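A.B. asks: This is what each chain is made of:
Number of protein chains: 2
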Amino acid sequence: MDSIRGYIEKNKERFLEELFGLIRIPSVSADKRNREEMYSAAEYLKENIISSGADKAEVVKTSGWPVVFGEKLIDSKLPTILVYGHYDVQPPDPHEEWKSLPFEPEIREEKIYARGADDDKGQLFMQLKAFEYMVAENKLPCNVKFIIEGEEEIGSAALKKFCLRNGQLLSADVILVSDTTMLSLDTPSLTIGLRGLAYFEITVTGPNRDLHSGLYGGAVNNPCNVLADIISGMKDDKGKITIPGFYDSVKEVDKGERELLNKVPLDEDTLITNIGIPEFYGEEGYTTIERLGIRPSLDVNGIWGGFMEEGAKTILPANASAKISMRLVPDQDTEKIEKIFKAHLENISPPGVSIRIKTLHGGNAYVAPWESKEIQAAISSIEKTFGKKPLPIRGGGSIPVIAAFDEVLGIKAVLLGFGLETDAIHSPNENFPLQSFYKGIETIPWFYHFYSESYNL
Amino acid sequence: MDSIRGYIEKNKERFLEELFGLIRIPSVSADKRNREEMYSAAEYLKENIISSGADKAEVVKTSGWPVVFGEKLIDSKLPTILVYGHYDVQPPDPHEEWKSLPFEPEIREEKIYARGADDDKGQLFMQLKAFEYMVAENKLPCNVKFIIEGEEEIGSAALKKFCLRNGQLLSADVILVSDTTMLSLDTPSLTIGLRGLAYFEITVTGPNRDLHSGLYGGAVNNPCNVLADIISGMKDDKGKITIPGFYDSVKEVDKGERELLNKVPLDEDTLITNIGIPEFYGEEGYTTIERLGIRPSLDVNGIWGGFMEEGAKTILPANASAKISMRLVPDQDTEKIEKIFKAHLENISPPGVSIRIKTLHGGNAYVAPWESKEIQAAISSIEKTFGKKPLPIRGGGSIPVIAAFDEVLGIKAVLLGFGLETDAIHSPNENFPLQSFYKGIETIPWFYHFYSESYNL
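Heads up: the protein sequence lines correspond to chains W and E, in order. In case it helps, my numbering puts the first sequence at residues 3 to 459. In case it helps, my numbering puts the second sequence at residues 3 to 459.
Treat the hints as calculated values from the structure; they're not laboratory data. Take the hints with a grain of salt, since some may be wrong.
Since the list can't tell identical chains apart, any single copy or any two copies may satisfy a pair.
Stated by the list, open to error - Below, computed lysine-lysine pairings styled on DSBU-like, alpha-carbon distance capped at 30 Å:
1) 101 to 360
2) 391 to 265
3) 441 to 141
4) 237 to 344
5) 386 to 79
6) 12 to 441
7) 414 to 391
8) 240 to 341
9) 34 to 101
10) 74 to 63
11) 147 to 58
12) 79 to 375
13) 242 to 344
These numbers come from a predicted model, not from an experiment.
With the hints as constraints, model all of the structure from the sequences given.
C.D. replies: See below:
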């Protein structure tokens with residue numbers, strides 16, 4: 003696998019051109035009107051999987067956005083790696099904060115700036131180009147399958163159904179994913195845990211129109227005030243979530259693992275300076291690393307209602323809405339969380355208003371077994387190219403389908419991600435350092451190598 | 003004054019045409035870009051005051067939007083009535099809920115539909131046309147002055163300053179205002195009290211950009227959640243406002259007046275059906291009428307932050323904002339309320355975020371003396387044209403400058419308004435029944451008559 007560096011050097015301009023072609027397709031899954039964009043992105047990937055050396059690839063219709071499946075089977079006695087990624091991206095808003103257009107990639111200071119530059123078009127492309135190298139130089143040590151979806155950012159509902167119906171097609175020994183971050187390029191790390199997600203939108207409805215707040219204020223329950231009460235009532239002043247039953251299934255992490263976790267060098271001062279806050283804040287009794295990795299959380303992702311423009315309009319609004327999501331940890335179950343969330347809101351039932359709840363998406367948490375062959379192979383591959391063993395981290399983000407792969411297909415995932423915190427995924431000016439991109443392409447073939455080697459032991 | 007009915011009948015088409023010309027100018031004061039519209043509306047009124055019979059009228063520049071001043075002085079021994087009104091209107095949003103264009107008046111089912119149809123262009127025009135009648139038929143029993151402003155909906159800051167500097171110009175015996183509502187055309191009422199207003203916008207700022215809620219959720223204080231806590235913390239579960247010191251200056255209304263107030267026939271069932279809520283809700287220990295008239299209130303007028311579009315974006319927002327206003331009662335003072343509001347927010351100071359407060363507008367509450375000549379003249383004029391004595395009500399809305407007229411100029415105001423609750427002022431599909439419009443024009447000359455008569459006693 004040592005020739006990979008030379009291969010990258012020779013082909014890197016083309017790699018970027020190919021990636022940019024994908025980035026230029028604004029495949030925002032959250033917007034139902036984006037049918038053309040979603041199918042274009044899927045077709046683009048299908049073509050690239052073929053040109054990278056797969057035997058076949060196809061765009062498969064699902065109950066939602068299409069998935070792309072591809073494979074190169076060389077020997078049924080060899081192990082099979084299923085590469086997972088997603089071609090959908092987060093919405094680019096707020097538009098005005100982007101320094102360059104979100105869907106026109108631009109390289110500034112050795113970084114690619116664009117929506118999807120990291121999450122997950124950039125990271126997925128490292129997988130494709132590492133695969134291309136192994137095929138081109140005849141070094142592929144195993145069978146490879148690709149499953150690439152368009153709903154990662156909205157809960158992977160279609161892919162979960164696809165897994166239930168296509169167990170044979172997707173059968174593999176391990177799943178390989180590049181969609182997570184490292185602490186830094188100098189301090190490589192490996193994500194062994196992901197939090198789950200339960201995401202809801204609630205709408206509080208009061209009067210049938212905006213009322214004059216002078217004529218009605220004081221006698222009509224105000225949907226914005228009610229919504230604030232509801233949100234505020236979901237946490238206490240120690241940062242604990244107060245929805246009854248919320249912590250019931252939370253698996254307490256033992257002292258030993260908590261100590262190990264807290265050994266990860268988290269430079270809190272640099273981090274708070276980077277994101278511009280005076281201090282961290284969260285659930286009492288836990289460190290920042292613990293709050294981010296092993297504890298569930300509840301955040302309002304958006305809120306709106308009434309008069310939002312310039313000036314002073316004296317209305318009592320007809321409606322108020324909020325998007326509220328919870329990050330989950332083992333063994334919380336999104337369906338159970340949905341039930342207790344709805345039951346909680348029903349129990350409060352404030353007077354004079356009605357509440358509507360929409361479940362937007364969910365996925366359970368996931369923890370990878372540290373001692374397993376696949377995690378050990380990932381550690382070796384990172385050590386090979388970064389020169390250091392990676393630190394284990396329990397990541398904060400969710401990849402909704404990872405837990406489903408485990409539950410439905412019985413296949414464990416390796417989260418071999420090369421993103422950085424500063425990549426600003428989901429934010430304006432998302433970016434991906436060229437160095438990360440090339441380092442990822444360099445590391446992935448080594449994972450194939452070590453994993454296949456260990457498989458035969 | 004008995005010829006007024008015939009005069010209305012003969013001229014009503016022209017009256018409507020003239021009013022529609024004013025309504026077509028979208029003079030929304032909240033938007034600073036509306037300079038041209040605001041000056042056009044002021045000029046339009048100046049011309050109409052002249053053509054209605056005034057000796058002079060002028061558009062006067064102020065520190066904000068211009069005021070229109072006009073007068074007809076016939077005899078210094080006669081009383082002087084100062085007519086007040088405003089040419090500015092509330093923003094028309096949400097646009098999509100209007101059945102016809104907000105600034106293109108349309109008559110449907112004997113009602114004028116347009117922004118400003120009632121508040122206050124329609125009601126102000128009744129004053130102008132009643133004045134026109136008295137001049138045209140040589141029946142004016144007193145001197146008349148007009149002061150019409152363009153900032154009523156945003157707090158009347160410029161007019162308050164104008165009053166301080168132009169006491170002589172505005173000197174009068176009574177102020178006459180048509181900018182309030184009646185219970186119904188069958189149950190005439192007279193507003194003798196107005197609540198005041200203190201209006202703020204607060205912005206909670208956390209990180210310097212929207213963060214990925216999976217990567218940071220649980221360890222970074224979320225501005226939307228903090229804002230919900232702040233709002234929720236301003237009221238207890240009995241509907242009492244909990245900002246320290248908020249009720250300190252509230253003048254408790256005595257048992258006798260509370261009993262009188264509660265005699266007003268408020269058909270709560272019809273009202274909640276009209277506005278589409280299952281029940282009224284407010285401060286414990288008070289009736290709906292009391293909550294609307296003699297008790298202060300606190301309402302969120304608008305709230306926004308984070309992701310407000312379709313779908314599920316998993317961010318921890320950088321900012322969250324809310325417009326929060328309080329209706330005040332005697333003897334609460336807007337400046338003191340501003341101080342305790344700011345002190346309260348400073349005292350909470352949630353960790354990890356900063357809070358910015360903008361004061362948008364304010365005005366003190368006002369109560370007219372029931373036994374005074376002017377109120378008695380208003381009662382007589384309503385009785386004359388409606389056939390019934392009006393019921394006294396303490397209104398919920400604010401007219402910011404009314405308290406200032408009393409405090410600065412020492413002139414009491416008569417709130418001779420002809421709006422209805424169903425006029426939907428400040429809401430989409432604002433309207434004004436033609437019957438209200440004509441009834442107002444008919445009643446106003448009688449006020450002039452009775453007031454001037456009592457003045458000489």
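A.B. asks: Run every hint past the structure and note whether it holds.
C.D. replies: Results for each hint:
1. 101 to 360: between (34 Å within a copy, 29 Å between copies)
2. 391 to 265: Within one copy, since 14 Å is at most 30 Å while 81 Å is not.
3. 441 to 141: For residue 441 and residue 141, only the intra-copy Cα distance (19 Å) is at most 30 Å; the inter-copy one is 93 Å.
4. 237 to 344: Both. Shortest intra-copy (16 Å) and inter-copy (24 Å) distances satisfy the 30 Å Cα cut-off.
5. 386 to 79: within (26 Å within a copy, 103 Å between copies)
6. 12 to 441: within (15 Å within a copy, 88 Å between copies)
7. 414 to 391: within (21 Å within a copy, 82 Å between copies)
8. 240 to 341: Both ways: residue 240 and residue 341 sit 24 Å apart in one copy and 29 Å across, limit 30 Å.
9. 34 to 101: both (27 Å within a copy, 28 Å between copies)
10. 74 to 63: within (21 Å within a copy, 79 Å between copies)
11. 147 to 58: within (10 Å within a copy, 87 Å between copies)
12. 79 to 375: Classified as within: same-chain Cα gap 17 Å, cross-chain 105 Å, threshold 30 Å.
13. 242 to 344: both (18 Å within a copy, 28 Å between copies)
The earlier numbered hints are all upheld by this structure, with none contradicted.
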